[in-house]
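*Asks:* According to my numbering, the sequence shown is numbered sequentially starting from 222.
Rather than coming from a laboratory, the hints here were simulated on the basis of the structure. All residues carry an ideal CB built from backbone N, CA and C; glycine is no exception. Keep in mind that a hint or two might mislead.
The calculated label-pair distances, taken between Cβ atoms and stated as ranges, are [to be verified]:
1) 329 with 370: 13 to 23 Å
2) 249 with 573: 24 to 34 Å
3) 280 with 498: 29 to 39 Å
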Amino acid sequence: MDEYHSSDTNALGFCLLPSELIQSILFSLALPEILRMKLVNKFLSYLISDQDFIRQCNLRSRSATWLFVYKKRWRRDAILHGFSDQSNRWFKICIEDLIKQVVFYPDEDIYLLTASGNIFLFASNSQKAVIAVNLVSKAVKKIPPCPLGPRGTSSWRRSGMKLVPESSDSGHFRFLFVELVGNSPVVFEYNSETEKWQCREAREGKGNFAGNDCMFLNAHNAPQESLVVAVGSEYIPPQILRPRFGNREQQASWVNVNDRRHVYGDGHVMTMRSRDQRRAKVLCSIEVWGISLRSGNWEYVSNVPSEIMEQIGKPYGVMIGCLEARNGRIRVVLMSNYEGSWDIIWLTYHQQSGVWNWVLLPDCKMKGANLAGITFSSGLSLT
Numbered sequence: 222m223d224e225y226h227s228s229d230t231n232a233l234g235f236c237l238l239p240s241e242l243i244q245s246i247l248f249s250l251a252l253p254e255i256l257r258m259k260l261v262n263k264f265l266s267y268l269i270s271d272q273d274f275i276r277q278c279n280l281r282s283r284s285a286t287w288l289f290v291y292k293k294r295w296r297r298d299a300i301l302h303g304f305s306d307q308s309n310r311w312f313k314i315c316i317e318d319l320i321k322q323v324v325f326y327p328d329e330d331i332y333l334l335t336a337s338g339n340i341f342l343f344a345s346n347s348q349k350a351v352i353a354v355n356l357v358s359k360a361v362k363k364i365p366p367c368p369l370g371p372r373g374t375s376s377w378r379r380s381g382m383k384l385v386p387e388s389s390d391s392g393h394f395r396f397l398f399v400e401l402v403g404n405s406p407v408v409f410e411y412n413s414e415t416e417k418w419q420c421r422e423a424r425e426g427k428g429n430f431a432g433n434d435c436m437f438l439n440a441h442n443a444p445q446e447s448l449v450v451a452v453g454s455e456y457i458p459p460q461i462l463r464p465r466f467g468n469r470e471q472q473a474s475w476v477n478v479n480d481r482r483h484v485y486g487d488g489h490v491m492t493m494r495s496r497d498q499r500r501a502k503v504l505c506s507i508e509v510w511g512i513s514l515r516s517g518n519w520e521y522v523s524n525v526p527s528e529i530m531e532q533i534g535k536p537y538g539v540m541i542g543c544l545e546a547r548n549g550r551i552r553v554v555l556m557s558n559y560e561g562s563w564d565i566i567w568l569t570y571h572q573q574s575g576v577w578n579w580v581l582l583p584d585c586k587m588k589g590a591n592l593a594g595i596t597f598s599s600g601l602s603l604t
């Protein structure tokens, strides 16, 4: 009883502060914390719902980049963990009650596909359906099956899909992915406003393309040659690109040496070289390559400095990764497991300055949990 009384007293004392000071304090919080403050009492709810506050808060929060990790303890809970580059701790978001609105089986396997803005897409394995969740409005819906029919979780490739929220506060979005149909890449696009799919067959490129205005969707990933589709305006057919490395020696080394791993996304590829250490592997080097706007081939961008590699080069048994390139920055995350313990590495490369940053992450407490998806996101807002 004393704890509740103390909490109420603290909330009351906070609300007695000048409004300008309260707003300043709220602006220093991450979006999940602001949403939680909205539930404290009517005064804070009114203040946070004010249109001027929402506009200023959205301008600040949309500049943040988030890393989301979805983990699920078997038959216990479904937790989404989020970490922002503007905070210093993980935020736990329980999505179990939201998912239950459309998934009625307690043992259903749900996987996080991708996220952008307030929209998160999850895939249901048994129902072979994609579920859209708006974390702010709490709206949940199943996306109608695409023209290819129902798809299981193994059918989705992270580098081959893109989620694009509408610029307005309508909550609508577009979801695009590319798939080979009869050896030809076809772009499928779902519009949440019309609730309809459309498909466009990609065409062979003619040498030049407006790379800065395109989304890159990977239809096929391979060291010797990838198949990437550049998607621009709806009035221009998607363009096929087949990026390769510059010479035969490079191509041969990528095919024959099995100590490399690759992560693709947004017209880039991250290459990771490892060495054996007893029954594990240790990262030795990380390079980033991007599609050249002139030739359409892979072009070297940068490598992670040795002083950072010395700190992140830990033993691992299994490793997965995620890559995004946006607004002049390339972000990569590597998630590895060694003897049951998870480790997460977040690196950012600033293309203009040529500087790499290592974002230090606190322990996400993944031990004993099943990893069910990882993604970058940006554009979180109060509306």
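*Asks:* None of the hints should be skipped; say for each whether it holds.
*Replies:* Quick rundown of the hints versus the structure:
1. 329 with 370: 13 to 23 Å: holds, 20 Å
2. 249 with 573: 24 to 34 Å: holds, 28 Å
3. 280 with 498: 29 to 39 Å: Cβ of residue 280 to Cβ of residue 498: about 47 Å, so the range 29 to 39 Å is violated.
Checked against the numbered hints above, the structure violates only hint 3.
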